[in-house]
Amino acid sequence: MTKVSMTVNGKAVSGEVEGRTLLSSFLREGLGMTGTHVGCDTSQCGACVVHVDGKPVKSCTVFASDVAGATVKTIEGMANADGSLSVLQQSFQDHHGLQCGFCTPGMVMSAAALLAENPRPTEHEVRHYLEGNICRCTGYHNIVKSVMAASGQDVSALAAE
Amino acid sequence: MHNFDFAKPSTIADAANALAGEGAQALSGGQTLIPTMKQRLAAPGVLVSLTGIAEMQGVCTGDGGLHIGAATSHAVVAKDAHPHYRALAELAGGIGDPAVRSRGTIGGSIANNDPAACYPSAVLASGATVVTNKRRIGSDDYFQGLFTTALEEGEFITSVVFPIPQKAAYVKFNQPASRFALTGVFVAKFANGVRVAVTGAGNDGVFRWKEAEAALSANFSASAISGLTVDPAGMNTDLHGSAAYRANLVKVLTGRAVTAAG
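Those protein sequence lines, which keep their order, are chains D and Z. The letter at position 110 of the first sequence is residue 110 when you use the working numbering, and the numbering goes up by one with no holes. The letter at position 260 of the second sequence is residue 260 when you use the working numbering, and the numbering goes up by one with no holes.
Excised from the complex, chain D in its bound form:
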């Protein structure tokens, strides 16, 4: 076991890990932050997406030791400082961008990464960017709508809820 330290959602954290400890395991089991979900554990589904130094990564396919010292943001860090939902999270609620909710943490983190680099994406760009995030309820229309609305665009013409 070795000690790793990193910044998670603005707080300095550290913990003992094995070489094989995945970032997803460190977050969930080491830090008790279970908002990051592990769906497939094969880097297909995207439920485990978090930001490492501002970039989206699949936390099930990164070793915790390899991101020692990094700045990590998870779904637990997405709300506003007063605890209210961020614009993107609120949009998922308003537009019913989730069904069972399992994929939602990854969807929100990927969508946040998209909006950071492309603040007003087209519907095609949203769908293309989210291709590494799978919703097995197949609720894609409303997820796309939520992201579009969060970017300040009129979504009344998009697929019906």
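Derived from the structure by calculation, the hints contain no laboratory data. Idealized CB from N, CA, C, for every residue including glycine. Don't take each hint at face value.
Stated by the list, open to error - Footprint (simulated), chain Z over chain D, 3 or more residues, beta carbon under 8 Å: (1) 11-23; (2) 48-60; (3) 78-86; (4) 101-115.
Assemble the complex: chain D is given as a structure, and chain Z must be docked to it using the hints.
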């Protein structure tokens, strides 16, 4: 996954020392290696991360063309190579998905030499030079078959140098579940001729389609290859596409790549 000792050197020399040890394996972005280790298809005793070495990061122009550090992520190549070598940048921007592109690296892709990976086609079609901690290897000597390269024990890629062609394009027919290339073709036109490299199709990995190179060197237009055929012998067959289907895709995608290159 079996446990291992983890090392993250900050210089090429330290990485070479670490990789000289018994049971040591290089780790780059891990987007292939980590899933492979989860399946216990690989169980290194020591994993040596190459992503903490500053001199193996980034894109710059220099002698021989565009130099890309082996540990540069697909996302960075997609962005930073674009002004210099657009076809290469677009290839990098089409690998996997955004989260995979944040971690996966050019060196990792080329070292693994997956027969359906995108990057080997760019390296081979560009006639790029693979630079390792020990030597420089021309692309025609580097790729040696399925998951097989000229890399020796303890040797690792530090950078790749791409001559910049006059015109180039990569066209990939996606395998929609994996987003690897069911077949992908990279066409690069240089002053002294055209090179065409095919990934995803051949059952021995990436290869050059030399008949098309000759035809396109004489006349760089999609019509120049209309009379050519690709022999299905030597093509992959799986549930996604037969050898004959892939052979046809090679020709169709080559034509599209030539048109896209302009």
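Here is how each hint holds up against the structure:
no.: 1; hint: 11-23; in the structure: holds (count 4)
no.: 2; hint: 48-60; in the structure: holds (count 6)
no.: 3; hint: 78-86; in the structure: violated (count 0)
no.: 4; hint: 101-115; in the structure: holds (count 3)
When the structure is compared with the earlier hints, a violation turns up for hint 3 alone.
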